[in-house]
Each structure stands twice: as structure tokens, then as C-alpha cells.
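**Q** Listed below, chain by chain, are the residues.
2 protein chains.
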Amino acid sequence: MEDILTVALDAMGGDHAPDVMIRGAVKAMEKKPNINILLVGREELLRQECAKYTYDKKRMEIIPASQEISCDEAPVAAIRHKKDSSIAVALELVKNKRADAFVSAGSTGAVLVGAQLIVGRMRGVRRPPLGAFIPTTKGTSLLVDNGANVDARPEHLLQFARLGSVYYENAMGVKNPRVALVNIGVEEEKGNALVKATYPLLRDCPDIRFIGSIEAREIPHGGADVIVCEGFTGNVILKLYEGVGGALISEIKAGMMSSLRSKMGALLVKPALKETVKRFDASEYGGAPLLGLNGLVVKTHGSSTEKEVCNCLIQCLTFKEQKIHEQFEKLYQ
Amino acid sequence: MEDILTVALDAMGGDHAPDVMIRGAVKAMEKKPNINILLVGREELLRQECAKYTYDKKRMEIIPASQEISCDEAPVAAIRHKKDSSIAVALELVKNKRADAFVSAGSTGAVLVGAQLIVGRMRGVRRPPLGAFIPTTKGTSLLVDNGANVDARPEHLLQFARLGSVYYENAMGVKNPRVALVNIGVEEEKGNALVKATYPLLRDCPDIRFIGSIEAREIPHGGADVIVCEGFTGNVILKLYEGVGGALISEIKAGMMSSLRSKMGALLVKPALKETVKRFDASEYGGAPLLGLNGLVVKTHGSSTEKEVCNCLIQCLTFKEQKIHEQFEKLYQ
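Quick note, the sequences are listed as chains A and H, same order.
Position one of the first sequence corresponds to residue 1 (the working numbering), numbered consecutively onward.
Position one of the second sequence corresponds to residue 1 (the working numbering), numbered consecutively onward.
It is worth saying that the hints were derived from the structure and are not from the lab.
Mixed in with the good hints, there may be bad ones.
Identical copies look the same in the list; a pair holds intra-copy or inter-copy alike.
Stated by the list, open to error - DSSO-like mimics (lysine-lysine), calculated; alpha carbons at most 27 Å apart, straight line:
no.	residue 1	residue 2
1	Lys-190	Lys-83
2	Lys-263	Lys-253
3	Lys-138	Lys-263
4	Lys-320	Lys-82
5	Lys-274	Lys-263
6	Lys-190	Lys-82
7	Lys-253	Lys-278
8	Lys-175	Lys-253
9	Lys-270	Lys-253
10	Lys-196	Lys-31
11	Lys-138	Lys-253
12	Lys-278	Lys-323
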């Protein structure tokens, strides 16, 4: 059964665990016959919860883990001391090749630290970035790094660009994707010290198609395929994307309820509006994989829904099918 | 005539100069009888352009300046060498108290450098920030700094917070506005080195009502009144705000044109939608003043329209009426 993908799923992480995690897993198995799940967490609880659903028992196994890591805990200490936490146990499954991938909606810090300590970085990769797909008017762009590495250095950003370019090319099927550096102006001399030092590294890198700086204004219009920035900026971009979109849509909905005329119109435009909103909803786009590890680790946000968990699990298939990990390794041979 | 506000306007700066600048000035004078304009730029050109409009000639005077500074020029060298540029001449008018304020849609770099070299910083202020009003679902927030200071240090961010708080309180009439620090998590230990070092300074400052960290997601929902960040992050936020808003609205419009049903609905919701879009359009909110100078300097973006130029000029009245400069001075006595 070469083509089966086994994903270790953190059943205890996220705001709606374990309920949403289990439902997401059941849904993913229904959609994709070649995904199997290792559900990691408190055995008794998970057994009870799983009893509520109908699925092929051979395809989802419960892996006991007696501890949990909360988002308030210091990540390094938590990973060191809670060896039987769902995150640590699941990461060991990836390390020992019992699982092909790990998906978690739990503590970002613990997942990032644990992934590097337990699964380990690929040789040559110093700071694995989180790469998230974001919707644009032209399609989909990859934002890398979106929060794993704050205070990163220029050579790290160069790695983000190279890893991101390979990931985008293989996941989206776009040859030589356009790579741009987030900046506050398009001229080469603009920017902060980090951006000024990073620019020539990207410009002179033969592995990527660097198109220069990109201002944040152009990101939603699809100004580049791979958007490179350090983690603090990337996290601000990802969250503001969500915030402005959500705020504007709630304002538009409220505005449409302001008169009888627009209420009638709202009924007619509702299906089209819903479609647009869905297309511009970042949660449709799966989780953020950590790029450059010796295994696949995907982080999805704490408030993930059943659909998001399901998309995240399915997203892991792409990595296997497109042999993305092997492509990464070629970068550092 | 104590209550007349005289604004020096850079007639040569911006993508649509001098046309849009002159029309904005004429409009502002129509709306506000206590605004007079000193129109700075090429005398002959401006005389010809002004001849197209009807306005009280005593209220708008042309001040000759034979040079211009383009956005491609290195700001420091341009300000030093082009003594007769519209920006330098206008800033001298503010310095010599012939004008109460300077408004420009020209080179941001040249305005920032020139303002500090010619008008000068208030005693005690080291890095004057740009403060821009942004729309939220709850009203209006102030983003400070939005691009004047990249690589700023913690003590600079403290100044941004204090100046911003005074500005917001007086311009918006909100006592003790809520001040928050842009971060990638709400917990105190989250963030990059700059944010971690800035947090305790803001927390312990008695002059401001610090409510802690704010994630970018909450900014459009009005999570704080005064949003403090360094200039690179602030510029990314401001431009992404504009970008996501614009992209989403164009997608919604396109979506509504996709079927006959939604086309009919679009006709009915159009007025309400237009109102919402206008409320969420940052350009409605005037320009960004540089806070903490020995005079008022307001920067508006290069693609400013007639309406934006007009709003920018009217915005200068608030500074005079609310004696905001005097309030700033009290901070550093």
C-alpha cells in the first residue's frame, strides 16, 4: 500500500478539540481513500468521542498521549517536560516514520519548537519558515514566513525564498513562480536594514525568479506568487488579511440591511456574495506547513473548523504526491 | 484675523500636480472660510492653472519655487541641494511662521528629511512619527508610526505612543484613548526583540492608557484607538488595509455581475454598498501629520485626489483649533 498517507493528528490541540479534530479526520477519510489517521491524545476521551462517528476503524487508530500543552505554556519547557503530550508523541511518530505528516491546531510555539527538536531540520536549513497560502484577485500566493521566525536574518530570508519557491512550484503547478520581497517601496534603496541586506541576496540567487520588492498594497492583487518576509511582518500580514476581510464583509452585510430597497437586493446578491467571500477566505486554503524539516509538520490556527482540519489533512497528500520533500533536499545537496 | 489658518501647499508634488492640488485648495477654501493657501511651485505654470478657477484671490497666493524634488531622488541630497524646490520653500514658510502648516503629496522621504532639517523637531522628540487615521468597524483608529521611522528603537515607540495618544484625544475628542502595541500574540512574552523591549515602557508610562498587545486581526474591528508600531510594520499595515479592501470590493462587484439575478440585486444594494465602501476607504481620512515637529507638516499619498487634498487642508484646522502643538509641548516640559 505504497500510496497510503498516514497523518498523525493532534486531537487535543485547538479551541474545539477533540470534537472538531475528529470530525475533520472523518471527513478527510471520506473524501480521500488514501489518507489514514493516527489520532493522538487522551485514549479514553478519544474512544468515547470516536464512538459517535461511522468510519472504517482500520483507517483511524488512537495513539495514547496523557498530557496536553496549552497555548500559555513556554514552548521550550513544555516540549522538554511533557514527553507524553499529544504534540510530542505525534512528532515522535513522524520522526520514527510511523506517520508521514503531523497536523496540529495547538500551541504554535510548542509545534515549532517540538518540530525542530524532535523531527529535526533538513541539513542546511537554519530556520524553517511557515508558508501559508493566501487568496488574491488573481489566484493564490504563498506567504513565507508567516510567524515562525521573528528577528530573522537576511540569509534566513534567502532560505524562505528558495524553500517557498519550490513549494509553490510543486503545490500549485506553476513553473518558476514570481518571488518578491515585502517592502515599503519598490525602489531597491527603500526599506529597513533587514530588507536592504536581503535584497541583493535574492537578486543574485540563481534558483529563484526574483521580481524585486512588493508593497503590501499589491499582495491582494496577486503582485507576486511567493511573498517573502520575516515572521513578525508575515504574521501581521496574515492576520490583517483576515481582519480587514472580516470587518469589511460584516460592514457590507450591515449596510445592506439598512433599507428595504437594499434588503431586497441583498437577497438577490447573496449567493454571488457568498461565493466571493468564500474565495477570499484564507481558511479555505489549508494550514501552514513548516518548510525544511525532516518530515512534514502542518500548523493550522487554533480556531480551525472541521472543514479547515479536513483541508489541512488533504493538503498533506500534495507533499507526498509531488515529492516536495525530495525537491527541498535537492536545494541543499 | 487671529483665526485664519494659512497652509503652504506643495503645488508640484503628487501624481496629478499641480491640477489636483489647486482644485483641492479651491474646494477647501469654499468649505472653510478660515483657510488661506500659499501655493508653492513654478510661478508661471501655477498662474496659468489658477486662471481656470474662480476663487477669492486674496485668500490664495502663489509663492514661486523654481525646482522640484522627484520621488526617485535621494531625500537628503535633494533637500540640501534644491533650496528652491517647492518642498524646501514651503518648509521655510512654516519655519518663518508665514504658514501655520505644510501639506504635500510629493516625495515622502524629502518631506520627512526636510521637515526635520528645516522646521525642526520639538525639544525631546527624537523621531517624529507619521500618524494616519484608519477606518474600523467601531469608528476610527490612529496608526502611528506608519512609515517615517524604520528600525526605530523602543524609546522611539514610547514617543509614538505618547504623541499619538495626545493627537487622538484632541483630534477625535476621546479622553484617555486606548493605546495598544502591534504584536503577533496578546501575551506579554510574545513578539520580536523590539516589541518585547517596548512593552514594559508602554505598560509603565503614566501618560497613556496602555491596554497591551494587539494582533493585526483586531485592528479593523477597532480593538484599540491608538495603534503603536515601528514604521516598516505600520506602512505594511496601512498599505495592506488599502489593498485587501480594494481587492475584496472589486471581487464582490465582479461576483455580482456573474448572473442576471445578482445583477438585479446589485442595482438595489448599490447605494448602501457605496456608503460602506466610502466609510472603509482610508483616503476619506485626510493625510498623515508628522507628530512632534516645531510646526505642522502633513503628508498625503502621491495619488491623492482633489477630495483628499481638500480633506488634508481642512484637517490642519483641527491642529490649530485644538491647540495640539501646545499639548505636545506639555509632554516634554
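**Q** Compare the structure with each hint and give your call.
**A** Against the structure, the hints come out as follows:
no., hint, result
1, Lys-190 / Lys-83, "between (47 Å within a copy, 24 Å between copies)"
2, Lys-263 / Lys-253, "both (9 Å within a copy, 17 Å between copies)"
3, Lys-138 / Lys-263, "between (30 Å within a copy, 22 Å between copies)"
4, Lys-320 / Lys-82, "neither (30 Å within a copy, 60 Å between copies)"
5, Lys-274 / Lys-263, "both (15 Å within a copy, 15 Å between copies)"
6, Lys-190 / Lys-82, "between (46 Å within a copy, 21 Å between copies)"
7, Lys-253 / Lys-278, "both (15 Å within a copy, 15 Å between copies)"
8, Lys-175 / Lys-253, "neither (39 Å within a copy, 31 Å between copies)"
9, Lys-270 / Lys-253, "both (10 Å within a copy, 12 Å between copies)"
10, Lys-196 / Lys-31, "neither (46 Å within a copy, 44 Å between copies)"
11, Lys-138 / Lys-253, "both (24 Å within a copy, 15 Å between copies)"
12, Lys-278 / Lys-323, "neither (29 Å within a copy, 47 Å between copies)"
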